[in-house]
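Each protein sequence line maps, in turn, to chains P and Z.
Sequential numbering of the first sequence, starting at 22, is according to the numbering used here.
Sequential numbering of the second sequence, starting at 22, is according to the numbering used here.
Mixed in with the good hints, there may be bad ones.
[Stated by the list, open to error] Okay, the calculated bits of chain Z under chain P, using three or more residues with CB under 8 Å as the criterion:
1. 39-48
2. 103-113
3. 140-147
What the hints contain is simulated information worked out from the structure, not anything from laboratory work.
Note that the Cβ used here is the ideal one computed from N, Cα and C, for glycine as well.
Number of protein chains: 2
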Amino acid sequence: MTDTDLLRDRGLRVTAPRLAVLDALEGHAHLDADEVLGRVRTTLPGVSVQAVYDVLHALTGAGILRRIEPAGHPARYERRVGDNHHHVVCRGCGAVDDVDCVVGHAPCLVPSSTSGFAVEAAEVTFWGLCPACRQAG
Amino acid sequence: MTDTDLLRDRGLRVTAPRLAVLDALEGHAHLDADEVLGRVRTTLPGVSVQAVYDVLHALTGAGILRRIEPAGHPARYERRVGDNHHHVVCRGCGAVDDVDCVVGHAPCLVPSSTSGFAVEAAEVTFWGLCPACRQAG
DNA sequence: GTCGTCACTTGAATGATTCCAGAAAACATG
DNA sequence: CATGTTTTCTGGAATCATTCAAGTGACGAC
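Using the sequences and the hints, build the whole thing.
See below:
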């Protein structure tokens, strides 16, 4: 399915900024809003900061994008949705990479006592050092 | 061990603001910086905002406090450290509660492929609705 | 094509957190 | 207990990602 069809399918209007954001995240996952803006402006120089934030919100709300918010770092976005994968975040530079869940259906992701909370989702974040930051010491 | 001994034990100086912060978090886990400030000022009215941030950083760095940063909410702090428990966060009001890991040693918390990252820790966050927000609809 | 709705632009505001310089207090020593 | 050094605390301003507000412009149903 083309990005155009994807947007129509979710009931979203097809606009140049939206296509540009999707294109920027194609092959470059885990970009933050500023990086997305930079990439979008290479093809659409006039796009405003808020347009990018609006688009990212709209696409996230429509389930086309997934938003990752590692503690202490700006939010990042990726196109890979719906497969319940997780992330490693580098303590040094904030780089993010994907981690697939080892076990098919995560057994420890069903909490024991939920204190009356209605739990909808579980999110796993691994923290460590990326290869580059390991070398840098 | 008293809080005074605890601070000395970690090589930290014993000051009134530090004791007050520890006291504020005793029995009131998951407070954010502003809430800690409010509680501290009931006993030490003159304490500054930055003093509280400095203290929270110092105690977190010394391993006395644990910092929780749920996406979209200010950071929260708790005294319970070193037992690898996790948290439920309310999508409505941001309330946080503790969740003990179901399985003794979490099986899915060892990532399969780590892309060269040196993984140090795994963090699990459950998202849902607290009892109060469930009733509010 | 026309029109209503939704998206985008410009500009300013917010809120948690941090930076800076100077004053004050805590620990180690004589 | 007096002194000096180091660390902490105060007060004010600054930062950064993100959001709000109001007006202009473009998509797409009819």
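Structure-based check of all given hints:
For the stretch 39-48 of chain Z, the assignment as covered by chain P is violated, since 0 residues bring a beta-carbon within under 8 Å of that chain's beta-carbons and 3 are needed. For the stretch 103-113 of chain Z, the assignment as covered by chain P holds, since 4 residues bring a beta-carbon within under 8 Å of that chain's beta-carbons and 3 suffice. Residues of the stretch 140-147 of chain Z with a Cβ under 8 Å from some Cβ of chain P number 8, which satisfies the need for three, so the listed coverage holds.
Hint 1 from the list above is the single one not met by this structure.
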